[in-house]
Amino acid sequence: MNTRLAASALIVSTIALAACNKRAPEELPPAPEDTSTATPTPTPTQTGPTVGSQSHFTNAVGQVNTVVYFDTDGYDIDAEDSAKLQRQAQYFQQYSNVTFTIEGHTDERGTREYNLALGERRANAAKNYLVSLGIPQSRIRTVSYGKERPVAMGSNESAWAQNRRAATVTVN
Amino acid sequence: MKKLFLLTVAFVAAPLAAQSTTTNQDLGAPIQEGGEVETVDEGGGLTGSVSFEGNLDDLGIAIPAFAADRDVPTPANANGTGALGRELARVITSDLRNNGLFKPTGPDALPNPSYAEITAPNWSTWSNRGAEMLVQGYVRARADNKLTVGCYLYDMQLKSELVREGWVVGPADWRRAAHKCADLVYSRLTGESPFFDSRIAYIAETGPKGNRTKRLAIMDSDGANHRFITTGRSTALTPRYSPDYKKLVYLSYVDGNPRIYVYDIGTGKQTLVTQSENPTFAPRWSPDGRTILYSMAVGGNTDIYSVPATGGSSKRLTDTPGIDIGGSYSPDGSQIVFESDRSGSQQIYVMDANGGNQRRLTFFGGRAATPEWSPRGDQIAFTRISGDFNVAVMNPQGRNLRVLTSGWQDEAPTWAPNGRIIQFFRTARGSGESGLWQVDLTGENERELPTPVGASDPSWGPILP
Chain B
1 MNTRLAASAL
11 IVSTIALAAC
21 NKRAPEELPP
31 APEDTSTATP
41 TPTPTQTGPT
51 VGSQSHFTNA
61 VGQVNTVVYF
71 DTDGYDIDAE
81 DSAKLQRQAQ
91 YFQQYSNVTF
101 TIEGHTDERG
111 TREYNLALGE
121 RRANAAKNYL
131 VSLGIPQSRI
141 RTVSYGKERP
151 VAMGSNESAW
161 AQNRRAATVT
171 VN
Chain Z
1001 MKKLFLLTVA
1011 FVAAPLAAQS
1021 TTTNQDLGAP
1031 IQEGGEVETV
1041 DEGGGLTGSV
1051 SFEGNLDDLG
1061 IAIPAFAADR
1071 DVPTPANANG
1081 TGALGRELAR
1091 VITSDLRNNG
1101 LFKPTGPDAL
1111 PNPSYAEITA
1121 PNWSTWSNRG
1131 AEMLVQGYVR
1141 ARADNKLTVG
1151 CYLYDMQLKS
1161 ELVREGWVVG
1171 PADWRRAAHK
1181 CADLVYSRLT
1191 GESPFFDSRI
1201 AYIAETGPKG
1211 NRTKRLAIMD
1221 SDGANHRFIT
1231 TGRSTALTPR
1241 YSPDYKKLVY
1251 LSYVDGNPRI
1261 YVYDIGTGKQ
1271 TLVTQSENPT
1281 FAPRWSPDGR
1291 TILYSMAVGG
1301 NTDIYSVPAT
1311 GGSSKRLTDT
1321 PGIDIGGSYS
1331 PDGSQIVFES
1341 DRSGSQQIYV
1351 MDANGGNQRR
1361 LTFFGGRAAT
1371 PEWSPRGDQI
1381 AFTRISGDFN
1391 VAVMNPQGRN
1401 LRVLTSGWQD
1411 EAPTWAPNGR
1421 IIQFFRTARG
1431 SGESGLWQVD
1441 LTGENERELP
1451 TPVGASDPSW
1461 GPILP
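Going down the list, the sequences are from chains B and Z.
Taken in order, the first sequence gives residues 1 to 172; the numbers are from this note's numbering.
Taken in order, the second sequence gives residues 1001 to 1465; the numbers are from this note's numbering.
If you're looking for bench data, these hints aren't it; they were derived computationally from the structure.
Every value quoted in this text rests on a predicted model; they were computed, and no experiment measured them.
Ideal Cβ placement from N, Cα and C applies to all residues, glycine included.
Treat the hints with caution; some may be incorrect.
As the list claims (entries may be wrong) - Pair ranges (Cβ atoms, derived): (1) Asn156/B - Asn1112/Z: 30 to 40 Å; (2) Met153/B - Asn1128/Z: 54 to 64 Å; (3) Asn156/B - Gly1443/Z: 26 to 36 Å; (4) Ser1386/Z - Asn156/B: 16 to 26 Å; (5) Tyr95/B - Ser1406/Z: 50 to 60 Å; (6) Thr99/B - Ser1386/Z: 39 to 49 Å; (7) Tyr95/B - Arg1342/Z: 23 to 33 Å; (8) Gly1289/Z - Gly48/B: 55 to 65 Å; (9) Arg139/B - Trp1408/Z: 39 to 49 Å; (10) Val171/B - Ser1386/Z: 40 to 50 Å; (11) Met153/B - Pro1321/Z: 30 to 40 Å.
Same shape as in the complex, but just chain Z (with noise of 0.2 Å):
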């Protein structure tokens, strides 16, 4: 596998020669194949002040077309760069509006700004547009067939620019530039880590609700490079990426039984995550990829179990009569919230990483099952039922209960890399019919993401590395 390393350069194309320096990133090549990318963090993005004071909601983002240097042909863009400039903004414009935060203007309804005016608005040209902020932006071809992005988030009312950033992409990874340049802009307005250049695995479904064809697959986090991974042949549930982004664990029934494989998407080859005869469900990556949890029935009697991610001998956790099941790391790593009907009803516990010290968390009446860990840690989403299936949110001590959506069947929530949305899959009363969905932690800004069919078994990876 082609490793990629950081060019550490200064902008030097010639409208640009006045500025400071800033971060390249060489996001390289296709990251959908395993590519690594190292990145480097220069920090202090949230110095200064931005003029707006109200609601996010109505802050207005102008974001016209990215200049091209020049338009030159790119594997990127069959209309060259120039084209390719637009399609930048208007990922960028989606990603923002999508998010339900701003009002973002994109290049279609905007004048396009010159290459000479990125790093120097023609403050005039925007000012009577309404809107409180101008994010510009070039794009240019270089000889390796590579491609640098700039991006700049300008303050309307002060004239000044409030952060700026560069990336060098191969061609493939040109969206991962748009949405490095919108999560840019969300952090730099709301203080908040990004989470737009990430991806996720869930499960395709087609086909009558008796007989229905369950294949995994993988989409950015847009769900733009959407890819089948199996071919439906047989029924495959609940993947998670691994934290690098080179393997898959899921479950799937190839050999006739439900079995945990872990899938290497580089190499396209899968093993057992353990060898045994016995039903194998529910995978789970630890923060640092390094373990793998899944959950094991042994005469009818499931417990959690850990394994090195390389193989290895399994920890049993769990030894409670009952179902013991899922399991989701703390982000230190040093605890697991998991869910079990050892009290009679499923509810949600929570007990050391080696299995020690369990405990429930739980006891808001009703059932409490699939509890995934904030990234952020101050938070645990977990499908809650009582009469329907609704995602909810409360703290790691089990309090401040939060319902957030309210479908006959939300089930199996899955948190954004920032913590501040989650992501989860509704099912249809009747047709069984199923799609994704994402609300934020307000309740607010629920939606349907679009999958080419049907979607259950969400699982959102961390910020791509």
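Isolated chain B (complex conformation) (with noise of 0.2 Å):
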């Protein structure tokens, strides 16, 4: 599947995945809060996070919001993750000065080069569909971390769905 779909054809799909989830219901994404681990730490104010730090970044769209999950080998951004990456949008078209860097991971049940380029690809599937949805390319950074960094540290299919997945995490 060629992931440098035109924009419009990035909807279309999502509208037609909407229809037919094929996430299988044990692979569900995680609880949130496991995702914490993988950012950076906030700058501490008094005032309330600095506008573009990811403590004001998750405050503003939710914990849940920041990280859209993958199927097993998958790239593909289904209605789920566009209702995130919407959410995400809105934020970075409010704050049009957050430049931010999408990672893209995978599950350990994958060859070590090959999931750099799919944690790529992914990354870039989330990438795409923001920059669809209106948000410069410029302004988005992406880095594949392959399976190098899981957030679930168990060898079981829960973990490896809350490790599939692409995280968007604010640069400032």
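Assembling the complex is the task here: the two chains are given apart, and the hints tell you how they should meet.
This is the structure:
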């Protein structure tokens, strides 16, 4: 499948996916608190988080909306992912000076090099969706960590589902 | 860098004066620092017969301490050349024992032959020890601090010499003389090419699963002369030695992004394999060391590129939608076997070295990844993913699949220089702890390699130059 889909095609496919969610129930995303370890510690302030800091971003969009999850070997943005990314896009449109990184990750059940490429593919899928919503490419950096930085340490389907992710992290 | 030249000199030690001429190889300065060595191969190592006709697993080999002409100080051993002679025999013994093919008995369980006996074995001393073969040798310190090491293989039943060779090594390289002797014995008895005198690059891993430190490290084929190259502040992955051992290519997050660097071991300098903002992965050398393959993701789509090792413009070899990654040259450099998910899942493909004539090799069911062409050309090793991850081999036509390992997650095979042994890394379910393992082509003789800490991504270089 071509990852370089036109923006309109992405949105059409999102609607199509909404009608037939192919994610198996046992692979549903995890409790959101697990993802906090993957993000930099925000700079504490006396008067609430600074605009553009990770905690400001998280407070605004909700922790659960900062990370999207993928099927095994998949990189499609499904309905649930698109709702999260739309919430992120609202934030980045409101705070138009904020730049950010999308970190792509995989589960441990893949070979190392392929997973580096797969994590990059997932980060780009999330990036492309945000661009289709009007966020300039110049504000979005992608980086893949492959299987090197899991957030769930188990070797089971639940942990792997939590690790197949693209996490949005603000740069400030 | 110091360039060393071969010395072709006959053994001239008094006890050895009766011998015919032989080969002296100057192994020179520490090769781990990128030293260069010229060697001469007189060939013909497999002439003559061997009396033993049983299974090589059961072949008893006695390896007593190498004799010193005089016990003198040497930078190679604090206790002098006498103690060094015992260490040489110990290294040879563990090389052969760990290979799993022979039943060697080392110097600590054997009497010590005298210097004069090295070329004239006292047969009665060895005949009742159950050994079919006898390896004797000597070590002599030279005035320039270098060492001359001689190695002799005798057939006990025939009471005759099968092969001999000698080397001149710098004191820091004394272990290389032992590996050369083990290679001589191994090659003479099996008919296979040597592999002990070689090095391995790998990734040393420490720390918890979610925040693991990954450092580039190098070591001899037996784990000795271990050295960390990177500090661990940034993650390093997937190293490969250049064929001349002067450079390493590897992936580093040193600037925050995954990028392939070429690291010069002699100077410590490293350069990007290509000037690009895009992430680069999976570096490989061509057999002649002139070309580097790398994979680059552009907009999430990964393709394989080649670039001259000395720099210059890159050539894109694949252009299908999907992830095309890795790559391993055939020994003659004409073809590249690589991995692609263009069909929907990871499978192995082959193409001409210029990117032409791409075709799929694997149709086994399950996935197939990380192909590596044997240095002999007759096999391709890869990671077979079918439930668990296992190391498997097939022929270059994609047939005769044989699965060699049975771990939960065994991946990333790399070949011994002679194409008879495969190393890989095995990851434990749950803990994520990983270590280096090796298995021979029979699927037997599987063992874990000792490393100081956890380990992954082994890359076995060729026989040292």
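Is 40 to 50 Å a correct range for the gap between the Cβ atoms of Val171/B and Ser1386/Z? holds (41 Å)
Taking the beta carbons of Met153/B and Asn1128/Z, is their distance inside 54 to 64 Å? holds (58 Å)
For the range 55 to 65 Å, tell me whether the beta carbons of Gly1289/Z and Gly48/B fit it or not. holds (58 Å)
Status of the given 16 to 26 Å range, CB of Asn156/B versus CB of Ser1386/Z: With a Cβ separation near 19 Å, Ser1386/Z and Asn156/B satisfy 16 to 26 Å, so the hint holds.
Does the Cβ distance between Tyr95/B and Arg1342/Z fall inside 23 to 33 Å? violated (40 Å)
Looking only at beta-carbon atoms, does the pair Thr99/B, Ser1386/Z fall within the given range of 39 to 49 Å? holds (43 Å)
Could you tell me whether the CB distance from Met153/B to Pro1321/Z stays inside 30 to 40 Å? At 34 Å between Cβs, range holds.
Do the beta carbons of Asn156/B and Gly1443/Z sit within 26 to 36 Å of each other? holds (29 Å)
How does the Cβ-Cβ distance of Tyr95/B and Ser1406/Z compare with 50 to 60 Å: does it lie in that range? holds (53 Å)
Verdict for Arg139/B, Trp1408/Z (Cβ pair) under range 39 to 49 Å: Since Arg139/B and Trp1408/Z have Cβ atoms about 42 Å apart, the given range 39 to 49 Å holds.
Are Asn156/B and Asn1112/Z spaced within 30 to 40 Å by their CB atoms? violated (57 Å)
This entry does not satisfy hints 1 and 7, going by the numbered hints stated previously.
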